[in-house]
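Model the placement of chain B with the ligands on the given structure of chain A, informed by the hints.
First to last, the protein sequences are chains A and B. Heads up: the first sequence at position 70 corresponds to 69 in numbering that gives the first Met the number 0, and the numbers run straight through without jumps. Heads up: the second sequence at position 163 corresponds to 162 in numbering that gives the first Met the number 0, and the numbers run straight through without jumps.
By construction, these hints were calculated from the structure, which means they are not laboratory data. Quick reminder that beta carbons are idealized off the backbone N, C-alpha and C, glycines included. There could be a bad hint or two in this list.
[Unchecked claim] Pairs of lysine to any residue residues, derived as SDA-like cross-links and limited to a Cα-Cα distance of at most 25 angstroms, are as follows: (1) K67(A) x N77(A); (2) K67(A) x F215(A); (3) K91(B) x R21(A); (4) K120(A) x Q184(A); (5) K67(A) x A253(B); (6) K120(A) x E106(A); (7) K91(B) x T76(A); (8) K91(B) x E61(A); (9) K120(A) x A180(A); (10) K120(A) x L175(B); (11) K91(B) x N77(A); (12) K91(B) x P19(A).
[Stated by the list, open to error] Just a sample of chain B residues kept apart from chain A, beta carbon distances all over 10 angstroms, derived: (13) G12; (14) D54; (15) P125; (16) A128; (17) L181; (18) E238; (19) I249; (20) S258; (21) L263; (22) W273.
[As the list claims (entries may be wrong)] Coverage of chain A stretches by chain B, computed from C-beta distances (three or more under 8 angstroms per stretch; other residues unrestricted): (23) 58–67; (24) 103–113.
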Amino acid sequence: MEPKRQVIRFENAGKCFSTPARPEVWAVRDFNLTCLEGELTCVLGPSGCGKTTLLRLAAGLEMPTMGKVCVNGSAVTNPPENIGVVSQEGDLLPWRRVLGNVALGLEIRGLDRQERTERAKKAINRVGLPSEVVQSFPHELSGGMRRRVALARAVCTNPRILLMDEPFSSLDELTRHRLQAELLQLWLSDRQTVLFVTHSLEEAVFLADRILVMTFGRTVAEFRLDLDRPRDRLGDEFIKVLLEVRRALTEHENAAADVS
Amino acid sequence: MKSNRLIRKILLGAIVPVVILLVWHFASIGSVVVPSISSVVEVLAHPFSEPEGLDSTPLAFGAAVSILRVLCGFILAALSGVLIGLFIGRCKLAMETLSPVMSAAMAVSPIAWIPVTIIVFGLSSPATAIYGDRAWEHGLLDQLRFAIVAVIWMGAFFPIALNTAAGAAGVRAGHLETAKVLGATRRQILTKIVLPSAAPAILTGLRIGAGIAWRVIIAAEIFPGTRGGLGYMIATAHETASYEYAFAGIIVIAAIGLSLDGLLRMALVRVSRWQPRER
Ligand SMILES: Nc1ncnc2c1ncn2[C@@H]1O[C@H](COP(=O)(O)OP(=O)(O)OP(=O)(O)O)[C@@H](O)[C@H]1O
Ligand SMILES: [Mg+2]
Numbered sequence: 000m001e002p003k004r005q006v007i008r009f010e011n012a013g014k015c016f017s018t019p020a021r022p023e024v025w026a027v028r029d030f031n032l033t034c035l036e037g038e039l040t041c042v043l044g045p046s047g048c049g050k051t052t053l054l055r056l057a058a059g060l061e062m063p064t065m066g067k068v069c070v071n072g073s074a075v076t077n078p079p080e081n082i083g084v085v086s087q088e089g090d091l092l093p094w095r096r097v098l099g100n101v102a103l104g105l106e107i108r109g110l111d112r113q114e115r116t117e118r119a120k121k122a123i124n125r126v127g128l129p130s131e132v133v134q135s136f137p138h139e140l141s142g143g144m145r146r147r148v149a150l151a152r153a154v155c156t157n158p159r160i161l162l163m164d165e166p167f168s169s170l171d172e173l174t175r176h177r178l179q180a181e182l183l184q185l186w187l188s189d190r191q192t193v194l195f196v197t198h199s200l201e202e203a204v205f206l207a208d209r210i211l212v213m214t215f216g217r218t219v220a221e222f223r224l225d226l227d228r229p230r231d232r233l234g235d236e237f238i239k240v241l242l243e244v245r246r247a248l249t250e251h252e253n254a255a256a257d258v259s
Numbered sequence: 000m001k002s003n004r005l006i007r008k009i010l011l012g013a014i015v016p017v018v019i020l021l022v023w024h025f026a027s028i029g030s031v032v033v034p035s036i037s038s039v040v041e042v043l044a045h046p047f048s049e050p051e052g053l054d055s056t057p058l059a060f061g062a063a064v065s066i067l068r069v070l071c072g073f074i075l076a077a078l079s080g081v082l083i084g085l086f087i088g089r090c091k092l093a094m095e096t097l098s099p100v101m102s103a104a105m106a107v108s109p110i111a112w113i114p115v116t117i118i119v120f121g122l123s124s125p126a127t128a129i130y131g132d133r134a135w136e137h138g139l140l141d142q143l144r145f146a147i148v149a150v151i152w153m154g155a156f157f158p159i160a161l162n163t164a165a166g167a168a169g170v171r172a173g174h175l176e177t178a179k180v181l182g183a184t185r186r187q188i189l190t191k192i193v194l195p196s197a198a199p200a201i202l203t204g205l206r207i208g209a210g211i212a213w214r215v216i217i218a219a220e221i222f223p224g225t226r227g228g229l230g231y232m233i234a235t236a237h238e239t240a241s242y243e244y245a246f247a248g249i250i251v252i253a254a255i256g257l258s259l260d261g262l263l264r265m266a267l268v269r270v271s272r273w274q275p276r277e278r
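Looking at chain A on its own, in the form it has when it is part of the complex (with noise of 0.2 angstroms):
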């Protein structure tokens, strides 16, 4: 098998903020990372340690202050071309529609009305939305539907990447674990390199090809899962998985607790 490519680079990546407050916040630092195409590639860590800076270096609405960030093998600029994004508070538009929404992409790209209406449809099908709300908008919406449309925009002009930033957080125990499957399912057909942020390690024990463990902007640990799919939560070796990246959450989460 010839190796496979390499999608999203970061090579000692970093990025500084200063506000008047706090003149030199390093969200993320010294930050190195290889996602192969195809891959599902988990950065877990407690909120505050850099995942959503990291996700929007990835996606170019941020400049590394040192190091450099590659994707598809060029430095970011700008966004990069065919990335499908799904932000943490999900962003969707509040004056369009569901349909409205999904489709904003390919209206981007000039599709005609009659193609971004059956291509929007199929992605509000494939995330499990019932098809009755594409006339409704946002607000009148649970969140967990919000997430789903989020979640639609974001496969609907078939991107080989995709970014995801917390998108199930703040949703019922059941309704996560749905959204989880949905989007493994999307993933095993479609097989996109996705780098999804999550600060929940359950969640990223069943997504994950490899995890890793985020605190205080730098990665401190890094794990390969290859438990088959669809992984049993409650199996031994999940939870075995996942008692040892727990553990080496909070050591370093303490170590550095100590420190600072």
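Here is chain B with the ligands on its own, set in the frame of chain A:
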């Protein structure tokens, strides 16, 4: 249940007008200044007849002139105000340099500019521009004095531009980024994100601008040195003590202002449909 509420609404809404009519009726008995209700109704009922003993045009013509002036000034203000407002709202430097001046300009009543605009534009109008000396033959076009249109523009431009700027500046970063990561061009970001997001603010600006324009036109027409329109009719009616014309003019002004605002409010409701309403 529903019809009950409707009756209630109509009754409540009718109280004040009925009281006003009653007060008006009794005030008009034996008064020189307050015209009788019937004489005002008489004027309103014959909007096309030449007013007697009054150097003015028929009521309908006066209303048409005022509306035309306001529409011209308002449309110019809307176009320039939205364009400049968008620019100011999306460009921090422009916002910082221009918005204080514009807020100050908005505090000045547009009426204060009338002497200036009369000096600048004189008696010129589209008719003088096109037909020169024979302008007076083209009544309506000749009434569309640039001096007056400019004052209307002054009144409506600033609220429209400032509201548009606030709306355009308030577009959520997340919405802009959504379009950016999907590969939107600057133009697409403007049409698909900035404009729809700012639409309620823009329409609020248009509504305020239209309200000001309509108030200003009447005052501008009352101002000495201008001719034509409802304001001029009211002013001349006072001079010749034909108060029934003044009263009829006020009623027409209120009716037109109400319709103008109603139209824009409907448009505002339409573009704000997506905003969850708290009532
Ligand atoms: N635009 C910004 N300006 C200044 N500081 C910022 C900015 N964005 C992020 N930061 C800081 O960088 C650090 C990391 O923030 P980031 O949003 O990446 O964390 P996160 O891991 O996504 O957190 P959460 O799980 O709560 O979403 C925080 O200390 C934050 O205050
Ligand atoms: Mg975050």
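For A128(B), which was marked as not at the interface, is the minimum beta-carbon distance to chain A over 10 angstroms? holds (42 angstroms)
25 angstroms limit on alpha-carbon distance, applied to hinted pair K67(A) and N77(A): Between K67(A) and N77(A) the Cα gap is close to 13 angstroms, so the pair holds against 25 angstroms.
Whether chain B covers the segment 58–67 of chain A (at least 3 residues having a Cβ closer than 8 angstroms to its Cβ atoms): Result for this restraint: holds, n = 3.
Under the criterion that the straight-line Cα-Cα distance not exceed 25 angstroms, is the pair K120(A), L175(B) satisfied? Answer holds: K120(A) to L175(B) is near 24 angstroms, not above 25 angstroms.
Pair hint outcome, K120(A) versus A180(A) [Cα-Cα no greater than 25 angstroms]: holds (20 angstroms)
Are the Cα atoms of K91(B) and N77(A) separated by 25 angstroms or less? Holds, because 21 angstroms separates the two Cα atoms, which is no more than 25 angstroms.
Below or equal to 25 angstroms on CA atoms is what counts here, so check K120(A) against Q184(A). Distance of about 18 angstroms is within 25 angstroms: holds.
Decide if the proposed pair is consistent with the structure: K67(A) and A253(B), CA atoms, cutoff 25 angstroms inclusive. violated (66 angstroms)
Against chain A, does L263(B) hold up as non-interface, every C-beta pair farther apart than 10 angstroms? Its Cβ never comes within 10 angstroms of chain A, the nearest being 19 angstroms, so this holds.
Using Cβ atoms and 10 angstroms as the threshold, tell me whether L181(B) really stays out of contact range of chain A. It is violated; L181(B) is separated from chain A by about 4 angstroms at its closest Cβ, not greater than 10 angstroms.
Verify this for me: three or more residues of the segment 103–113 of chain A with a beta carbon less than 8 angstroms from a beta carbon of chain B. holds (count 5)
Given hint F215(A) paired with K67(A) - CA-CA distance at most 25 angstroms: Satisfied, since the Cα-Cα distance of roughly 19 angstroms is no more than 25 angstroms.
Against the hints set out earlier in the document, violations occur for numbers 5, 17, 22.
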